[in-house]
Amino acid sequence: MAATGDSAAGHRLNLDPNEFGTTSESSASVETLEQILPRMKVAIPGVTFEVVPNSAPGAEPSWLVDREHALSAAFFLRDDSTLRLDYCSNVTGVDWPERTIKVKVRKGEPGAEKEVEETRVVPGYLEVVYHLYSMAAKHGPVVLRVRTPGRGNDVSLPSLTPVWRSCELQEREVYDLFGVHFENHPDLRRLLMWEGFKDHPMRKDYVPPDDYEYEPTPHDEILEKAQARLARREASS
Amino acid sequence: MAATLDQLFVQLLHGMTAPLPEAIRPWVALAISLGAILAVFGLCFGITTVCERKAIARMQNRLGPNRVGPYGFLQFAADGIKTLTKEDIVPRTADQVVHFLAPLALLVPVVLTFLVLPFGRNMTAMDLEVGLLFFFAAGASTELAVFMAGWSSRNKYSLLGAMRAIAQMLSYELPFILSTIGVVMITGALSTTKIVEAQAAAPGEWLARWHVFTPWGLAAFLLFLIAAFAESNRSPFDLPEGESEIVAGYFIEYSGFKFALFFMAEYLGMFSSSGMAVTLFLGGWTAPFAFLDWVPSWMWFFGKLGVLIALFIWVRGTTPRLRMDQLMDFAWKFMLPLALIILPTAAIWHYAGRGWLGWLVTAPIVVGAYVLLGRSLVGRRRIRQRSYRYAAT
Amino acid sequence: MLGIGLIKGLAETGRNFVGSYLDPDRLVTVEYPEERLPVKENFRQFPFLVFDGEKADIGLRCVACQICEKECPPQCIYIEKSKDKKPDHLGKPQFYPAVFDIDISVCMSCQICVEVCPFDAIKMDQQFELSTADRFRGLLLTRDRLAKPNSHFQAIHPRDAAEIDMRRVDERAKAEAKAKADAEAKAKQATAAAPGATKAVASTPKPAAAPANEGAIS
Amino acid sequence: MSPIFYFLAMLTLGGAVAAMSLRNPVHCALSLVVTFVGLAGVYLGLGAHFLGLSQVLVYVGAVAILLVFVLLLTRGSGKDEFDERPDRWWPALGVGGGLGGVLIAVVLAQPGLALRTAPPELPTVRALGESLMTDFVLPLQVVGVLLTAALIGAAVLALSDRRRTPQDSGPVTSREEGETRR
Amino acid sequence: MPSHGGATAKVPTEAGAPRGPDAYRLTAGDNEYDDGSLLEISMGPQHPSTHGVFRMDVVLDGETVVKLKPVFGYLHRNHEKIAESASYLAAMPYTDRLDYFCSLTNNWAYALAVEKLAGLQVPERAEFLRVITAELTRLQNHVCLAGFLMQDMGASGTPLMYGFREREKILDLFEALTGARMMCNYMRFGGCRCDTPPGWLEEVRKVVDRFPRFLDEFENLLSSNEILMARTQGIGVLTRDLAINAGITGPVLRSCGVDYDLRKVDGYGLYPKFQFRVPLGDHGDTYDRYMMRILEMRESLGILRQALDAIPEGPILDPKSKLRGFRPKPGEAYGRIEAPKGELGFYLISDGSPNPYRYRIRPPSLINLTVLEDLCLGHNVADTVTILGSIDIVLGEVDR
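If you read the protein sequences in the order shown, they are chains A, B, C, D and E. One point on numbering: in our numbering, the residue at position 21 of the first sequence is 21, and numbering is uninterrupted. For our numbering, add 1000 to where a residue sits in the second sequence, where the first one is 1. For our numbering, add 2000 to where a residue sits in the third sequence, where the first one is 1. For our numbering, add 3000 to where a residue sits in the fourth sequence, where the first one is 1. For our numbering, add 4000 to where a residue sits in the fifth sequence, where the first one is 1.
So here's chain A without its partners, still in its complex pose:
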């Protein structure tokens, strides 16, 4: 049998106390967007790239690309000889519903400005996030974001399955749970919910139905809802 010997038995851990306690994050660094952008502009005319900052301590910024050029940008990222992002690890949707934010604006005559609080409506949109790594160069992640214009009817985005097969099932899942329509996806069907299911459960405004199979437990509002529904059904029949 191959390699039946227990190789690691002989090794002992290097017990240098200074080495411990430092968690090493992914070491290989990716070029910054500034370095890549010129190349990309040449390769894909008209592409807009924008850095979305990330205030978490890990501080992995993500790149927002416009949806018209998303597919070509993805091909570029995969095939570029220094980036070689050949592995798309994670695809996920995020729902950003329409929200009103309060912003402080200076208003009034110049010189006599007053700080006024204004409510502004930020239109909602759906966002798809791709986490890209390189297996060849062992670096990453590059976080790629694509956004739909809205949450209503215009929810289509280009599918990146032609670039990375790993998107196939994950994009189906995003379609299923968020309702993002992926153009040119080879097999855009629901993944987890059943065919004929209407809504998209991961959206923030999703209202769970009150008629799913319930486990009648005491102190359960679902039970009450279901009982009310049953009563209504009985009354109507």
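Keep in mind the hints are simulated off the structure, nothing from the lab. Each hint should be verified, as a subset may be incorrect.
To be verified - Result set (DSS-like, lysine-lysine): computed pairs, CA atoms no more than 27 Å apart in a straight line:
#1 E:K4329 x A:K102
#2 C:K2008 x E:K4169
#3 C:K2148 x C:K2070
#4 C:K2040 x E:K4329
Position chains B, C, D and E relative to chain A; hints supplied.
Frame of chain A; chains B, C, D and E shown alone:
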């Protein structure tokens, strides 16, 4: 004393039929024998299921059934009661008549095969001149029953299972039969009784002349046994019912007692093939050494049968299952040629005699054929052990 | 090749067959109802409510703060606060749970209620033979069924219990010392205010929490 | 002429009639098996053990299975019943009846048919074998060669048909599969 | 081929090619090949070897698979939604139930993501405990996988039972440490929940010392078994390019020769401090996938020995972490670890509230199933079952 014990059951049968008129005596004797066979092997079936479960459990480091009766040995009774009282579900779309007949059509031929087995001295229920042929004829008709079960259930899995079963049984029928021809050639008889008698130790010899003690006989015995594994759908040839692939194969739609009948037929088939292997190669009811002749003959038979059944169980506890095409390859490209090579080898043995000359001539032929055929079977598929590398760190 | 691997496999199963009779390391089966393994100290099943002393309705540590109800991942805890208050072991008047139900058909034994409880009032039990014929009410543990004495907790989680008991004794000692100091301060004030009343103040009874505390270290 | 004979005759004839008249082809094949078994029983009753058992081994164990295989492999799934009565049953009846007539005539023409009450002394298997290996060795070999040729021919035909679905040459990607099948 | 603009957009490589629409036709009735000779069977959701409620729509020509469509969702409970409506801590016990064989690695992946999000530091002892529990988890997962694979091959349970026998001992360790055998719920943000009970590490060492004997036994029983080799060699070959492009991870990826082990690549936890090797296969078939697991178990044992020798005393929880009222600052983080089945990632977006705004799991089991059809086409039904077994899925994770 030993002689009385040896002929105990024969005398018993004789005593029971003696008062009857001459005309119906053989029929009544046959009926009684059949009843006895059913009773004995029905019980064997029950005990074997328990023993199998316990033995495999022990091989897997478990305890096995241990709740019903002493050490769980009455488990089969509980199982029997359970299957008897279970609801018999027939699928609505099934072909009702064929669906009903299939388990019967499977069980009857299997039971018939026991009629020609010599369980002991003078203990053959139906001592036919063509006993071996009877055995194979009855065995061959079980295939149709399997097809009936699989087809009539109207289930895709059962149909797949039935097709697998038929293909497998037809393919293994050939080496099954061919491996016995050598025995028939050497003994010059198709009668099972005569075959057994031919294997008894000759006067003055200490070792019995079992066929398994010869090179061709050993090879033929192994071939027969492997074919018997396949014919009775036992692991590693349990493809027709391979539960991980086609769920339960041809009897997927059977429940309750009909399912138990299938189960029973499988085990009875295993018993009868083992019994035939004992008869043909392991000297039937004869003792291996002349000085052990005092042990009643039927004890020898059942002892040998028990050993073979244990082998069946052991193999089942060990091996994974073959795939359909590999199964076919094995039958047609390994077993059939080997069986054909064994035939002339047996003839050479017959003329070269039992001495060292026979061994010198026949043993290399058998071993060489085995190695060559085995290599060609394995080599063509490029199956080998591999070595693995590690990533450079 | 040529069957050697198969024979090796047969030898291996044969060895295990024999080994299962000889080597207790191979036969790991425990015949459960007759034979029982010792329960590990960390083992957790379903939560219970700890009470001090003899009587559950007096000594219950829970103050119905409802943190566990909020944090419970499957939302299987249901608490109703009492209207009145009872003194706890420090003598502070606290609410107590009028209703405390845990639906153990929903509970997933994650122990988060135990971790978030600031009062050491809910702990994990090791009672696992809870089968019942009543699917709904039988699996709903009410406050009375949940309440178990501290001695039970000490029996099943000795290390945890010892630590908590120590802490509680310290707390109580501190609280008593504080109460005493307060009382003395008060007494001083009182003596300062009305020197004639010293005797009456000195015989002020101990804080009312004391009787509820007797079982704390038993 | 025992009751057993009548029973077997009924079984044989009943099976034959059922094989002709049932509408489901698989049922027909199974009825034919009943006929084979009945016939084998008649042989056994006559003391021709070898012939009877060979009948079972060959016809029930192999020919019937072959029939069933052919039925299942050549017909599309789901169409188990014959949809209409065959139009050309008249010529079929004519040919069948003619053949039956010839057979009956041959049997009746045997001299002394009615006189035979006890079966004649049948040859043993050993005698059968010896005559096959001595007197009839050439016909036996010819038949053997013929059957082998037929077998090889069948194998060749089957192989050329199977070439499009490779078994052991590794997996076929879906695209290749689609192309070969298109 | 979908149109895409841009000068550099090359023709996709072989592996990344979009498959023609034919490849996505669903059933036998749908396609033009159906001349009545194809058989469509639905394997699952109740089928003995789909490892749970998984379904494959298989179209067969004889017994050869010409089309296979996985159908998911029978165990779907929308874990992500549940977690988004509960606090960060309350999602931790739910991660146990993703891949219910490997609750501790699931815990770790989630804890890692939250630690990245909130900037928590894990004390050294806790890191050691995480490595020890994760490697024990890997052992018991691989042992079960090998057993189940053999079960799918019809080995009447013997290898499975041997695997379970060893797993039992590891589960006992988990029970002594965490209080539960499978749903451990052990790790916390910034450390672990509780320290080891007295004598636990010695128990681990005993199990680790015994384990090689079991592995030898297992290999005696199976690795040179002719039937096993015939059933697995050359079956379900996954090419390197396809594996990378389809995002296959874990032992399945390494079986096609791609050196990508997150313990080495990301070096999370304390793995850079340990010496271990990453076994690689050259064929990418079922046998290689099986052997990867066996070889990885031996490496895991090495890691465990080193960890047991070096584990220090100390605290096990970051003092900055808190159980109640945990609110990370707005931001996002993607934490991933090398779970036994592949890359398990958690992607979290925080909006500053006690609940995660977005909580996403990257399940290795689901994504490894992307290539199931490619692996199975042209093979037998029996091979389908073994290929599925060798990919190693757990439906709790696939359907979430």
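Checklist entry - Which earlier hints turn out false for this structure, listed by number in ascending order? => result 4
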